[in-house]
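For chain E, the structure is supplied; the task is to place chains Z and S on it using the hints.
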Amino acid sequence: MGAPLIGIDLLEPARLEQRLQETAGLSAELFTDQEIAYCDGQTSPYEHLCARFCAKEATSKALGMDGFDPLDIEVLGGGESARLALYRSAKARADELEVEVTMSLTHLPGIAGAVVLALPRRIWHQAARGSSRKSKP
Amino acid sequence: MGAPLIGIDLLEPARLEQRLQETAGLSAELFTDQEIAYCDGQTSPYEHLCARFCAKEATSKALGMDGFDPLDIEVLGGGESARLALYRSAKARADELEVEVTMSLTHLPGIAGAVVLALPRRIWHQAARGSSRKSKP
Amino acid sequence: MGAPLIGIDLLEPARLEQRLQETAGLSAELFTDQEIAYCDGQTSPYEHLCARFCAKEATSKALGMDGFDPLDIEVLGGGESARLALYRSAKARADELEVEVTMSLTHLPGIAGAVVLALPRRIWHQAARGSSRKSKP
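Chains as they are written, first to last, in our numbering: chain E, 1 to 137; chain Z, 1 to 137; chain S, 1 to 137.
Same shape as in the complex, but just chain E (with noise of 0.2 Å):
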């Protein structure tokens, strides 16, 4: 395989706010103009900003990616509806492996965190053929 499947980035959002404002143009480095205005809508946005940076370290090490552009792993929305979307390295990497990546965040005042999953497709394709099949005699 040579990829774990499985990843995880933990991270205190006060430290990403310090880089951040040390570093001019470090945030658009990071993140994608549809990920800090959906941060900067929210009441903490550096805890959003930081369980996303966690998210995108997360998909590289599920992924074993051997270093990766961080704009090229995407948060897309927020809350029960966030998910990835994969461009460019991150995407080819995905489609070599045959998995489709799906997350979870969680974001405290003093810790962000990610776990990232990389599901072989056919096993994806088939649970998804699974939960349509709603309704049942």
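Since the hints were derived computationally from the structure, they do not count as laboratory data. Accuracy of the hints is not assured; some may be wrong.
[To be verified] Within a straight-line C-alpha distance of at most 25 Å, the following computed DMTMM-like cross-link-like pairs (lysine to aspartate or glutamate) qualify: (1) K91(E) - E80(S); (2) K91(E) - E22(E); (3) K91(Z) - E80(E); (4) K91(S) - E80(Z).
Only chains Z and S this time, still in chain E's reference frame:
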């Protein structure tokens, strides 16, 4: 699918303790009698309660539930044999997705957490059959 | 099954450091020579040791082991190529369950953690076959 199949949640035991002490009756809204009885018997009850609360949150995330009643998700037992039981809305959602849920808990004085995995039942039962074939020629 | 197939563990590096300094010989009971050598070569040895201890605990949780010898679970290498090797009781348990284990580590000065996934071997090998078909017309 509509569900991430993986869920994580982190929470500080002190934060849960404060909320439970501020709000009369909250404990009975979050935990079953059996969960409370188990945790009361431990050296650090709030660490154990906190890990259980994380398990409930992580389950709702893994199943992609849009809001949930904490009493619909119960942690049975404790230690190595702790496991999830689903009722009502949570059971209906797992049935809809055709998944089984498993979990793992962790707790320290400063932080507790849980991760939950929702496995398609077909895979789950294949694995169960695999592990029952213990005596091979 | 009898095993959650997923495991998580968190631990503060300072807590592990204190225990190792208080108890002579504890290091050799918890870590292999290779694990110690790898971590000693890092800037923050206790962060790396702590993440490895979490990986051992998380593995025992994923496999549903009732107690375990930390030396039966080893983290080989480090960084993106870190991976688990199982011996004796841990290998026997994985063989019994017919699973392969993978993991992901995370560490900060204040907290370290690991998550471990136990995948049924049939799924694992299907995934491995999938990922080896790299040249498609």
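Subject >> 25 Å limit on alpha-carbon distance, applied to hinted pair K91(E) and E22(E) >> reply: With a Cα-Cα distance of about 31 Å, the restraint between K91(E) and E22(E) is violated, given a limit of 25 Å.
Original post:
Holds or violated: K91(E) with E80(S), Cα cutoff 25 Å?
Top reply: Measuring from Cα to Cα gives roughly 18 Å; hence the hint holds.
Original post:
Are the Cα positions of K91(S) and E80(Z) separated by 25 Å at most?
Top reply: holds, 18 Å
**OP:** Mind checking the alpha carbons of K91(Z) and E80(E) for me, to see if they're no more than 25 Å apart?
**Re:** At roughly 18 Å apart (the allowed maximum being 25 Å), E80(E) and K91(Z) satisfy the hint.
In the structure shown, a violation is registered for the earlier hint numbered 2 alone.
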